[in-house]
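Chemist: Residues per chain, in single letters:
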Amino acid sequence: MAGFTMIRHSFQIREHDAAREPVVFALKEMTFTAGGLRIGSPYGDVVLAAMAGELDRGDILALFPEENRVVRWFFSDSLSHTLLLTEACDQRCLMCSQPPRPHRYPFWKLYAQALNLLPEGSQVGLSGGEPLLLKKELVPWLLEMHRCRPDLTFHLLSNAQHLKLGDRDWIEPLREVLLWGIPLYAGDAERHDQIVFKKGAFETLLSGLNLLARCGSRVELRSIVMQPTWTGLSALADFVTRHLRFIDYWALMQLEPMGYAGEAWEGLFVDTSEHFAPVATALAMAQAVDVATLLYNFPRCTVPEPWRDRVCASVSDWKRRYLPQCGLCREQSVCGGFFESYWDRSHQGFQRIQPL
Amino acid sequence: MKLFPFQFRTLSSGVLFSNPAGDFFQSDERLLGRMAVGDLQPTEWAFLQRQGFACEDPGDFYYNSFRQRLHEKKAIPNRLNYIIAVPTLRCDLSCRYCQVSRVGEKVQGYDWSEETLARFLSFLDHLESSTLKLEFQGGEPILRMDLLERIIAHCQERFDAAEFVICTALNTLPNRLLRLMAQDNVYLSTSLDGPSELHSRNRTRSPEATRRFENHLRRLLDSFGPERIHFLPTVMPNDFHRLPEIIDAYRAWGCDGIYLRSASFHGFARKQLPTEMADQSALADRWVAAYSVAMEHLFRCNTEGGPMIREFNLSQMLRRIFKRSANHHVDLRSPNPAARDALLVNWDGRFYPSDEARMLAAIGHSDLSIGSLACGYDQEKIAQLNWNQMNEVHESCIHCVYQAYCGIDMIDDLARCDRIDVPKEGSWFCRVQMGLFDFVFNKLLGNNPVDLFNLSGHLNGHFSHTPFYGRFYYDPA
Amino acid sequence: MCRVSINIHQSFHIFIAPALVRLGAMCSGFQWEEMRSDGTLILQAPDVTPESLSQQFWHQIYRERIYTETLPIRQALFQSFAS
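Quick note, the sequences are listed as chains A, B and C, same order. Heads up, the first sequence is in the numbering used here, so the first residue is 1 and it goes up one at a time. Heads up, the second sequence is in the numbering used here, so the first residue is 1 and it goes up one at a time. Heads up, the third sequence is in the numbering used here, so the first residue is 1 and it goes up one at a time.
For the record, the hints were derived by calculation from the structure and aren't laboratory data. Take the hints with a grain of salt, since some may be wrong.
What follows is a set of in silico ranges between Cβ atoms, one per label pair, in the way DEER data are often shown [claimed, not checked]:
| id | chain 1 | residue 1 | chain 2 | residue 2 | range |
| --- | --- | --- | --- | --- | --- |
| 1 | A | Met51 | B | Asp60 | 53 to 61 Å |
| 2 | C | Arg3 | B | Glu304 | 35 to 43 Å |
| 3 | B | Asp125 | A | Pro150 | 29 to 37 Å |
| 4 | B | Glu395 | A | Glu172 | 36 to 44 Å |
| 5 | C | Gln75 | B | Glu29 | 22 to 30 Å |
| 6 | A | Ser333 | B | Pro476 | 53 to 61 Å |
| 7 | B | Pro476 | C | Arg3 | 29 to 37 Å |
| 8 | B | Glu214 | A | Gly121 | 25 to 33 Å |
Small disclaimer: the values here were computed from a predicted structure and weren't measured. Note that the Cβ used here is the ideal one computed from N, Cα and C, for glycine as well.
Hey, can you work out the whole structure from these sequences and the hints?
Modeler: Laid out in C-alpha cells, this is it:
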C-alpha cells in the first residue's frame with residue numbers, strides 16, 4: 001500500500017488535429033521526433049513537448065484539446081494510481097504540502113474511462129484537497145465504479161469532516177474496497193485543531209471515525225512527525241492505542257518539503273535521525289496492544305534497527321532521489337529515499353545518514 | 001457525563017483503577033471518593049474520558065471505543081484448533097508429584113485402541129479449522145511412537161498448518177522420536193526440575209537416570225535448538241525458596257523461557273503433601289513471595305547479558321493486560337467456554353475441558369468429562385461448566401480490580417475444596433493471581449528502567465528500555 | 001479490639017447492608033452495631049487500625065455504589081454483544 005503517487009504530469013501539445021471533447025486512452029505507439037514526442041491518440045497523432053522516457057507504453061493519458069494539454073493520470077508500471085480530485089480544502093494544515101486553492105477537477109466520466117483501462121486489482125488513490133467536498137458527485141461515481149470494476153480498490157485521503165450517519169448507506173457497501181487515509185495530529189482537541197487550523201475539527205473527526213468504525217471500514221490513520229506534534233506524540237499514541245484500535249494501521253510520516261512545509265521547514269522539521277526516542281515510544285505503545293504501525297518518508301538508515309521493518313518505501317518512484325553516499329548502501333532497493341524537493345533543504349535535514 | 005463500570009484496589013503506591021475493558025490508571029483516595037459519588041471537575045471528566053473510563057452519552061465515540069475494547073477482551077475464538085491427546089496413561093517413570101495418576105509401564109488397558117484411533121482421526125477430519133495445534137500428553141506418549149507417527153502423518157495431510165508438541169519425560173530417546181523431530185513442526189516439551197539433585201529427587205529417583213535424561217536433553221538441544229525443545233519445572237512447596245537456583249539451572253541450559261509452576265493439588269501430589277497443601281491461603285502467599293524473589297533475580301540476570309529468559313506467567317499476564325485478543329490461554333480468561341477452542345481427548349476416548357479436569361477424574365474425585373469420541377459432546381454438562389467459569393458474574397470477582405485480566409479456575413477449587421461455591425478470596429487460584437497481578441502492576445507503576453526493560457521483553461519478545469505505555473498517573477491535587 | 005464510629009450520608013444508606021455483609025465475610029471478628037438515628041454506625045474488628053477499618057468500610061460502600069450505579073451501562077454493553 002503506502003506509495004502515494006502524486007498525480008498529474010501535464011504535457012503541452014505542440015501539434016494536433018481537431019479540437020473536440022476531452023478523451024482518455026492508454027498510450028500504445030510513440031516515436032521521438034525532432035518536434036517532440038509523437039504519440040497515437042483516438043484523435044490521431046499528437047506531438048507533445050516531452051522527452052523520450054518521460055512516457056511509457058501503457059500509461060493512461062487524458063487529452064484536453066481545448067487546453068492544448070495531455071495529462072498523464074496513471075503510470076503503466078505501477079499498481080497504485082492517484083487522482084487529484086480537487087485542491088480545495090476546509091482545513092488549512094500548517095504543514096500542508098499542497099496548500100488549498102479553489103481548483104476542482106470533476107472529470108467523472110473521464111475518470112471512469114481511465115479506471116476501465118486499469119489492470120486487474122489496481123489501487124486507485126483519490127486525493128485532494130478534500131475529496132469529500134465533492135461528496136455529491138464522488139459517492140455515486142464510486143458506487144458505479146465498484147459495480148463495474150469490483151476488482152479495484154480505492155484509497156481515499158480524507159479529513160473525515162463531512163460524514164453523517166446517513167453515509168452508512170454507501171460506506172458499508174464499499175467497506176472491503178475502500179481504504180480511508182485519515183489524518184490525526186494530536187490526542188487532544190486543542191492541539192489538533194491548531195494544527196489543522198479549524199475549530200471543532202477534532203470533535204468532528206471523532207464522530208467521523210466513530211461512523212467508520214461502526215461500518216467496519218478499513219482505515220489508515222496518518223500522523224505527521226514534526227515540531228508541533230513532537231511533544232504530544234506519546235499522548236497521541238495513548239489515544240490511538242486506546243480509542244482507535246479498529247484501524248488497519250497507523251502511519252507515522254516525516255514531512256514532505258513542499259508547500260507550507262517547505263516554506264516553514266526550519267520551524268517544523270524534526271531530525272529523527274538524531275532524535276528518534278519519542279517515535280520509538282509511539283511505536284512501542286502501538287506494538288504493546290497489537291496496533292500495526294508503518295513509517296512513511298523515513299529514509300531507512302535514519303530509523304533504529306529494531307523499528308526498521310516498519311519503514312515503507314513510501315516516496316513514489318518519480319519523486320524519489322538518493323544522496324551521493326547512498327550509493328554505498330546495500331539496502332537502497334528497499335529504501336524510500338528522499339523527496340526530490342528535499343534537495344533545497346538537505347543542509348537542514350537528516351544529519352545522520354549512514355549507508356547500511 | 002457517565003462513568004463506565006470500574007474497579008479499584010489500594011496498592012502501596014496509590015489507588016489502582018481498572019475497568020472491564022482492561023484500561024487502568026493510578027490516582028489516590030481523593031479521586032476515588034469523588035468518582036464514587038460522580039462529583040468530578042471538568043478536567044477530571046476529561047481525563048477519565050481519555051483514559052477510557054467515561055463517555056458523554058451512550059453511542060458516542062468514547063462509548064463505542066469502550067464497547068470495542070470490551071468486546072476484544074471477551075471474544076473467545078470459536079474454532080476448535082487446540083487439542084491435547086493422551087494416547088496412553090502408562091509411564092516409565094514414577095514422579096513423586098505425578099498429577100495425572102499414571103499407571104505402570106506394563107499395565108494393560110490404558111492405551112488408545114485401534115477403534116479409538118480411528119474415531120480420533122475421523123474427529124479431526126470433521127473439524128472446521130484448517131489449522132491445528134496438537135499436544136501429546138501421557139502417561140508417557142513416546143511409549144506409543146506408532147500412534148504418534150500415524151496421527152502426525154494424518155494431520156500433516158489434513159491441515160494447512162499444524163503444530164505438534166510431544167510432552168515426554170525423556171527417560172528414553174528412541175530413534176523413532178528423532179526421526180519424527182525431523183519434521184520442523186514437531187516440538188518437544190519435557191520436565192526439568194532444575195539442579196540435577198532436585199530432578200533426581202522428584203522425578204528419576206536416581207543420579208544415573210538423571211544423567212541419562214540430561215544426555216538426551218543435551219542431544220536434542222544440540223540437534224534442534226531451544227526453539228524446538230521446551231522444558232518446564234514443577235516446584236514442590238518445600239522447594240519454593242529454590243526458584244532462583246532453578247532459574248540459574250535453566251540459564252545454564254541456554255534456554256530462553258521458563259514457566260515457574262507450583263505443583264498443583266492433583267494426582268499423587270495430593271497424597272504426598274496433604275498438610276502443606278491444606279492451608280491454601282498460606283501456601284499461596286508463600287508461592288507469591290517466592291515468585292517475587294525469583295523474578296527479581298531473573299530481571300537482574302537479564303540486564304547482566306547472556307541469554308534473556310522470559311517467564312511464562314508474567315508474559316501471559318502482560319498479554320492479558322495489554323494485547324487486544326490474548327484470549328487463548330484457558331487459565332486466564334473469562335468467560336472460559338469448554339470445548340470451544342481447546343479440548344482434551346483422554347486415553348479412554350473421553351473429552352475433558354482441560355488437562356486438570358482429567359486429573360480429577362483419574363483419582364475418582366469428580367467426573368468432569370464432557371463427552372467422548374464415541375458419543376460426542378455432552379452439551380448439558382458443557383453449559384453447566386461454562387456458567388461457573390465467568391468472573392463477570394461471580395460474587396467474589398465483580399469488585400476485583402484484576403477481573404478484566406483474570407479467569408476462574410473452577411477445577412482447582414474442586415480439587416482443593418471439593419466444591420466450587422466457596423468464596424474465591426481465600427482460594428489458591430485467587431490468592432496467587434491477586435499476588436501475581438499485584439507484582440505486575442507494582443512493576444508497571446514503578447517506572448524502574450530494569451523493570452521496564454524486562455516487562456517489554458516479556459510482553460513483546462524483545463527487551464528494550466523504550467516505554468510501551470503512556471502516562472497513567474492522575475494527580476488530583 | 002478496634003472501634004470506630006462512622007457518619008454516613010443518606011445517599012449511601014442503601015449500600016450499607018451489602019457492604020457490611022462483605023466485610024463480615026472478609027475480616028474475621030468484624031462486628032457492627034445498629035445505626036443511630038443521626039446516621040452514625042459503630043464498627044469493631046480485631047487487629048486493625050481505626051484508619052484501616054474505616055477505609056475498608058468505605059471501599060466496600062464505594063464498590064457497592066459504583067457497581068449498582070454503573071449496572072445499566074454494563075448490561076447495555078453486554079446485551080449489545082448478544083444482539
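Chemist: All hints are to be evaluated individually against the structure, with a verdict given for each.
Modeler: For each hint, the structure was consulted:
1. A:Met51 to B:Asp60: 53 to 61 Å: 56 Å, holds
2. C:Arg3 to B:Glu304: 35 to 43 Å: Given range 35 to 43 Å: violated, Cβ gap about 53 Å.
3. B:Asp125 to A:Pro150: 29 to 37 Å: 35 Å, holds
4. B:Glu395 to A:Glu172: 36 to 44 Å: The hinted range 36 to 44 Å holds for Glu395 (chain B) and Glu172 (chain A), with Cβ atoms some 42 Å apart.
5. C:Gln75 to B:Glu29: 22 to 30 Å: 29 Å, holds
6. A:Ser333 to B:Pro476: 53 to 61 Å: 55 Å, holds
7. B:Pro476 to C:Arg3: 29 to 37 Å: Hint holds: Cβ distance 31 Å, inside 29 to 37 Å.
8. B:Glu214 to A:Gly121: 25 to 33 Å: At 56 Å between Cβs, range violated.
Consistency with the previously given hints fails for numbers 2, 8, ordered from lowest to highest.
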